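Those protein sequence lines, which keep their order, are chains A and B.
Heads up: the first sequence at position 69 corresponds to 69 in this note's numbering, and the numbers run straight through without jumps.
In this note's numbering, each number is its position in the second sequence, counted from 1, plus 1000.
It is possible that part of the hints are untrue.
[To be verified] Calculated cross-link-like contacts (lysine-lysine; reagent style PhoX-like; alpha-carbon spacing at most 20 angstroms):
(1) B:Lys1040 x B:Lys1022
(2) B:Lys1009 x A:Lys97
(3) A:Lys97 x B:Lys1044
(4) B:Lys1067 x A:Lys97
(5) A:Lys107 x B:Lys1009
(6) B:Lys1071 x A:Lys97
Bear in mind the hints are in silico, worked out from the structure with no lab data behind them.
Just so we're clear, the structure is a prediction, and the values are computed from it rather than from any experiment.
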Amino acid sequence: TQLLEQSPQFLSIQEGENLTVYCNSSSVFSSLQWYRQEPGEGPVLLVTVVTGGEVKKLKRLTFQFGDARKDSSLHITAAQPGDTGLYLCAGERGTYKYIFGTGTRLKVLA
Amino acid sequence: DTAVSQTPKYLVTQMGNDKSIKCEQNLGHDTMYWYKQDSKKFLKIMFSYNNKELIINETVPNRFSPKSPDKAHLNLHINSLELGDSAVYFCASSQLQGAGNTIYFGEGSWLTVV
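So here's chain A without its partners, still in its complex pose:
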């Protein structure tokens, strides 16, 4: 059973377009993280959101934690080829235990 479903699974867009990636669950998480993974490397943390309804911005990336702390979204404005990668959400389900989402593979074409 996948606790964290991400959508879309794959996304290919042109440079300059906007996009939103969703991370959904029926479970409540104490915190939620977003990671980006590039080919041949391990995931790298982008952001952590802790409070329901919290919004965080990282340059062109906007992250939101759902009010009920069951879902999250990642919005990228004016995507660039450098944003290409695998985006993973991860929900905290207890001390030391993070459940990773199914992943969204993003490709931004120049």
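Please arrange chain B on chain A, whose structure you already have, making use of the hints.
Just chain B, lined up with the frame of chain A:
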């Protein structure tokens, strides 16, 4: 100055063999993990150790045996390798700081069982 380093990066081996992957972190973290990423890029936790003590074991076959000689090292030994063990294995570490701890991942060890 790699924070989490694991070796080997690539490993091709035959079914039935026994192999080990080593991991070291120089971040001074108390907690280390092994994750498995399958061909569909799904990342699943296998084990977690805190100060050399096993705290998470996620229904992994007992052919997989982690060992933590000290809090900076967490090695993974796999016996009787099977085709389905082919995956990328990531070592990671973190330091408990309340909600939302950053997990630092190694570069991965690509295991192919033939």
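Hint check:
1. B:Lys1040 x B:Lys1022: This hinted pair is violated, its Cα atoms lying about 24 angstroms apart.
2. B:Lys1009 x A:Lys97: violated, 25 angstroms
3. A:Lys97 x B:Lys1044: Given that 20 angstroms is the threshold and the Cα spacing comes to 10 angstroms, the pair holds.
4. B:Lys1067 x A:Lys97: holds, 19 angstroms
5. A:Lys107 x B:Lys1009: violated, 25 angstroms
6. B:Lys1071 x A:Lys97: holds, 18 angstroms
Violated hints, in rising order: 1, 2, 5; the structure is consistent with all others.
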